[in-house]
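A.B. asks: With the hints as constraints, model all of the structure from the sequences given.
There are 4 protein chains.
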Amino acid sequence: MIIVMKQDATEQQIQVVVNRLESIDCEAHISVGRFHTVIGAVGDRQQILQLPLEALAGVDRAVPVMLPFKLVSRDFQDENTVIEIRGVRIGDGSFTPVAGPCAVESRDILFQTAEAVKKAGATVLRGDAFKPRTSPFSFQGLKEKGLILLAEAREEFDMPFVAEVLDPRDVDLVASYADMLRIGTRNMSNFALLTEVGRSDTPVMLKRGFTATLEEWLNAAEYIYKEGNQDILMVERGIRTFETASRNTLDITAVPLLKELSHLPVLIDPSHSSGKRQLVAPLSRAAVAVGADGLMIDVHPTPETALVDGAQAILPEEFAAVMQSVRDIAKALRIPL
Amino acid sequence: MIIVMKQDATEQQIQVVVNRLESIDCEAHISVGRFHTVIGAVGDRQQILQLPLEALAGVDRAVPVMLPFKLVSRDFQDENTVIEIRGVRIGDGSFTPVAGPCAVESRDILFQTAEAVKKAGATVLRGDAFKPRTSPFSFQGLKEKGLILLAEAREEFDMPFVAEVLDPRDVDLVASYADMLRIGTRNMSNFALLTEVGRSDTPVMLKRGFTATLEEWLNAAEYIYKEGNQDILMVERGIRTFETASRNTLDITAVPLLKELSHLPVLIDPSHSSGKRQLVAPLSRAAVAVGADGLMIDVHPTPETALVDGAQAILPEEFAAVMQSVRDIAKALRIPL
Amino acid sequence: MIIVMKQDATEQQIQVVVNRLESIDCEAHISVGRFHTVIGAVGDRQQILQLPLEALAGVDRAVPVMLPFKLVSRDFQDENTVIEIRGVRIGDGSFTPVAGPCAVESRDILFQTAEAVKKAGATVLRGDAFKPRTSPFSFQGLKEKGLILLAEAREEFDMPFVAEVLDPRDVDLVASYADMLRIGTRNMSNFALLTEVGRSDTPVMLKRGFTATLEEWLNAAEYIYKEGNQDILMVERGIRTFETASRNTLDITAVPLLKELSHLPVLIDPSHSSGKRQLVAPLSRAAVAVGADGLMIDVHPTPETALVDGAQAILPEEFAAVMQSVRDIAKALRIPL
Amino acid sequence: MIIVMKQDATEQQIQVVVNRLESIDCEAHISVGRFHTVIGAVGDRQQILQLPLEALAGVDRAVPVMLPFKLVSRDFQDENTVIEIRGVRIGDGSFTPVAGPCAVESRDILFQTAEAVKKAGATVLRGDAFKPRTSPFSFQGLKEKGLILLAEAREEFDMPFVAEVLDPRDVDLVASYADMLRIGTRNMSNFALLTEVGRSDTPVMLKRGFTATLEEWLNAAEYIYKEGNQDILMVERGIRTFETASRNTLDITAVPLLKELSHLPVLIDPSHSSGKRQLVAPLSRAAVAVGADGLMIDVHPTPETALVDGAQAILPEEFAAVMQSVRDIAKALRIPL
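Chains as they are written, first to last, in numbering that gives the first Met the number 0: chain Z, 0 to 336; chain A, 0 to 336; chain X, 0 to 336; chain B, 0 to 336.
One or more hints might be untrue.
For chains that are exact copies, the list does not tell them apart, and a pair is met inside one copy or across any two.
[To be verified] DSSO-like mimics (lysine-lysine), calculated; alpha carbons at most 27 Å apart, straight line:
no.: 1; residue 1: Lys258; residue 2: Lys69
no.: 2; residue 1: Lys258; residue 2: Lys5
no.: 3; residue 1: Lys69; residue 2: Lys5
no.: 4; residue 1: Lys117; residue 2: Lys142
no.: 5; residue 1: Lys144; residue 2: Lys225
no.: 6; residue 1: Lys5; residue 2: Lys225
no.: 7; residue 1: Lys144; residue 2: Lys117
no.: 8; residue 1: Lys258; residue 2: Lys225
no.: 9; residue 1: Lys144; residue 2: Lys118
no.: 10; residue 1: Lys225; residue 2: Lys69
Just so you know, these hints were derived from the structure itself, not from any lab.
C.D. replies: This is how it looks when you write it as structure tokens:
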């Protein structure tokens, strides 16, 4: 931590800062500039971060030198985390396509979709039984009945599945069916829920909050990791910006940045980020080219009757075409798929 | 709902949209422009909102005419909602100052602060026993012990208190002590938690998500209201923007907009929005002038030792000065305080 | 400037940074932490800012300690800048209401408005002869004919006026009529125009870019000041955020922040920031309460026929009511008006 | 245009709206809903957009059905615009790499860079003689001397070049040397400058304002096109968001959206969008995969001595590696390069 003192800070104010740092066994390096005195604090990161340094008289601001997360950082673990669910390995340098309907609506639609995406090359099935909805009057999911259907589809088509969990009280229930728990974008800072999935031994897919910085997203992963669950799959799904031509703005730059900062694997979700089906194909091609570990795509056989997010779902045949160009790029870049 | 068809939409595509609307007993009014056909859908709002109209072929976009929330809207209830906790009325045209430490740290600090803010004119005490923290390594609150201290301070100084709840499993516990439950900014879209506090009969303070639109904030209130709890107090606390000179950007415009759209009372929190103690006084003056129903301010006798957010807490004597100028403005505008 | 080295930076890389700093006569203070080495650079601010330090091998990031602007800063000049145009003093602790039509459309409307706002208490007239419009097909202003009308209104009602200038080639023309030149929000980073008005001896009103940080806004003022023109009046007019319920989000916090950082006076423009006439009154009350040096308000006798921004203009009688409550608050706070 | 009336709008207010529309020869289609009356206006787009409909009593809001720009829209011209400069064709389905130093600093550095990027496959040279700088104290470019050097490099390496123009008074000067004029991100809404380059017969590269919506960007292109200059090359270069891990957020989704809405070609600039050299390679791969017409990349032989933006410039050998993977992807997708 670097503490920049105000131009008119007194000797005594500087000394108070030094004393506070020394009281937690930090070294304080003082550097006197023409206008500002700057104090470098060397010591235990977590302890320094707890100090309310900006509340001390004479302090202009405190600038962190180190990142606030540790366990999920590349500095803590250099080699990539590889997650394995039912034989599918994610993060090992290969490319993982996850696909399926946004929500589980019926056995028929689920099975029809699962069969098609499997055939086109998807290796993990998505589908939700619990849906977070902005309006309390919208369809909220089939709940346990949906999980049962997903488990049946898994057996039928030999694909592990990922499903969202919304409530800390439902973690055990969802984990008893799903191969991977998903934390949705609106729950990325739901610390009670993060803590609970961190105690589970089922891998977790952590979607980026659509209003969260990369640092906050990694902090959320740290919550899970700290509780013991190290199998965390990050998903970039667009952020809220001033632009309204697409639902959100896919932050594709986050992929190489995350790989630099962390050892966790990262997918791109072009469906929820764009909200428009015609954008799924070009964004999927960009995803494999930029170096993501995979994709998650909404597929639905009849989007015009979908109960959730129909405007962004692509048809099974469109998914097959997306997979073809993704495969072409992967091959050109020597990425196993 | 207005459905704008694409320029090249066919007659048949238009007919499909009309049929879908009629299938849910909506009327469809067709208006043929020079380039676009536009369809006005008249019928049950909630049903229309469920239709995936943008997924239909030939549809360019669907533009909602009505707001998505209903129960919390001014159209549903014209007169202002007034909340009463232990004799303190909020939203009746008077101005309510809420103040106290950000977190409960010890009996001593809590009581010292409560005594001072009461004396300066605050009528409701704030103080948290459960703290949501970005980092899992930060101080997380005294939990039930903190609630007990708050209840003691309530008796001692005769002030009702508001305290945050983070987990749906803790709602009953917090409600058994507190006069008002608080949903924090990071939990505004935690639908499991909103539903749970909606089932409580303790009033709820709903802070705006710092990344939420006004419409999403009112939708969150709708979640609570729909479950039966109609005593909802909204708190504007700044939004995330590109500006980093203050922690967040206080959206003061939201106050008159909210009062136009909704019957719920609204406070301003200048402490969390700005993150800097020297900004609390001017923003508090603006809050009463703009027409808010009150203020919520962090006060701490020794901010430089605070465990949470010390940089934004003001001293008891600074709070007294803020109250003086707020009182002057209230008097000039004939607002009871 | 503080240079944070990467965790794996070598001794040689650190030495290269030190050498670069010493080559421009800077002192380099090295502080070795547990993980990172940090180098404090002490020397001439402008020279250090020119160094591409982040391009050097081993450098993680360079954190500026000092603000990038100097001449407009409070450190450079402690007392407030006071601007005087035709006897009206702005920034001397009094409150200055600026009002008038958004654009000059006709002699009749201009004079009718000027008379009304003068009577209600405005001391400076606004009205534009050159309008920047997003669409090239929109009304672009009456040009010199508009300036002539404004000059006539000035004589008739004894009020100085401010008018926008869009093109460096028009600065002399506008300055030959107007008492104050305005740089509009879309031109805040038009450095050719800033330089040109900086060479004029007519005072300049510098609106904040609706996408500019406070620091960028002050940098733009520095451009003008550096050329010799020290009479700069800043106007906060809302910033672009994700919220669409109002046209822009009034950043009211910018007012006390700007007064802390700079000696320049600052107004609030509630009309352009909100884009809605019913918001002008509450935001005007907030403006005087927060400590702004004045207000700038769009007034039009028949907004429904206005050629520009009719939805935000208030009627002359509404302006009189706004002035009444602004005056009440000013009186309560002992601000001359 | 669709006009949504307020719930309590009177018959008379509705009639006033209808009358206004009919006064400009528009048809008004009235649709009476359960709560709101909606009026569809059919007629000349530009005339309707000029009406201050939201200023009329009883109007809730006016929703445009059509896009505000016309000439640059896909509806106006279905086939892609192809720009040709000295035999290089941009927008014809091939991929165009533009590269060079950010600013022209010296003959030596410029020639060294030009030779290297040409050899690696770039077909257009970039390099600026006029630089817009946030601080008035930063290096502002070599001006005409820089243009002369660029013209010499063009002859030596047989590559057309693009250079920025900042001031309407310099358009003729820059156009007398350059093969393409560039409008920088801070000048995207400088309407005086747009108009001036629109009158030139030299093609224009229009960078997206880093705070501009797609619609505003296309409106800026419309300004140029309307004056007669139809050779406009759009460049996506990242937008300002709350994320600070990269300098800006590359809005890669804008590429397919722009191609849907407009016939103009579009490049991606990974250097200015990210501000970090290690991000240039992955973002360049994404650019070709997503369907951009080309790339613009900052290259510098010694970034650590660059006078402008050294942190984002890549070395000539790094550029050659980027080109190799871009070529691999282009080949896999059958894009000529």
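A.B. asks: Given identical chains, is lysine 144 near lysine 118, meaning Cα to Cα at most 27 Å, within a copy, between copies, both, or neither?
C.D. replies: within (25 Å within a copy, 57 Å between copies)
A.B. asks: Using 27 Å as the alpha-carbon threshold, which applies to lysine 258 and lysine 69: within, between, both, or neither?
C.D. replies: within (14 Å within a copy, 39 Å between copies)
A.B. asks: When Cα atoms must be at most 27 Å apart, do lysine 5 and lysine 225 count as within-copy, between-copy, both, or neither?
C.D. replies: Classified as between: cross-chain Cα gap 25 Å, same-chain 37 Å, threshold 27 Å.
A.B. asks: Measure nothing new, just compare the shortest in-copy and cross-copy C-alpha distances for lysine 258 and lysine 225 to 27 Å and report within, between, both or neither.
C.D. replies: within (20 Å within a copy, 43 Å between copies)
A.B. asks: Have a look at lysine 225 and lysine 69 and pick one of within, between, both or neither, based on CA distance no larger than 27 Å.
C.D. replies: Classified as within; 10 Å inside a copy, 42 Å across copies.
A.B. asks: Tell me, please, which holds for lysine 69 and lysine 5 at an alpha-carbon limit of 27 Å: within, between, both or neither?
C.D. replies: between (30 Å within a copy, 15 Å between copies)
A.B. asks: Classify it for me, lysine 144 with lysine 225: is the Cα-Cα distance of at most 27 Å met within a copy, between copies, both or neither?
C.D. replies: Between. Shortest inter-copy distance 25 Å satisfies the 27 Å Cα cut-off; intra-copy 32 Å does not.
A.B. asks: At most 27 Å between C-alpha atoms: does lysine 144 with lysine 117 qualify within a copy, between copies, both, or neither?
C.D. replies: Result: close within a single copy only, 22 Å intra versus 53 Å inter.
A.B. asks: Which holds for lysine 117 with lysine 142 at a C-alpha limit of 27 Å: within a copy, between copies, both or neither?
C.D. replies: within (24 Å within a copy, 48 Å between copies)
A.B. asks: From the Cα coordinates, with 27 Å as the cut-off, is the pair lysine 258 and lysine 5 best called within, between, both, or neither?
C.D. replies: Classified as between: cross-chain Cα gap 16 Å, same-chain 37 Å, threshold 27 Å.
Comparing the model with each earlier hint shows no violations; every hint is respected.
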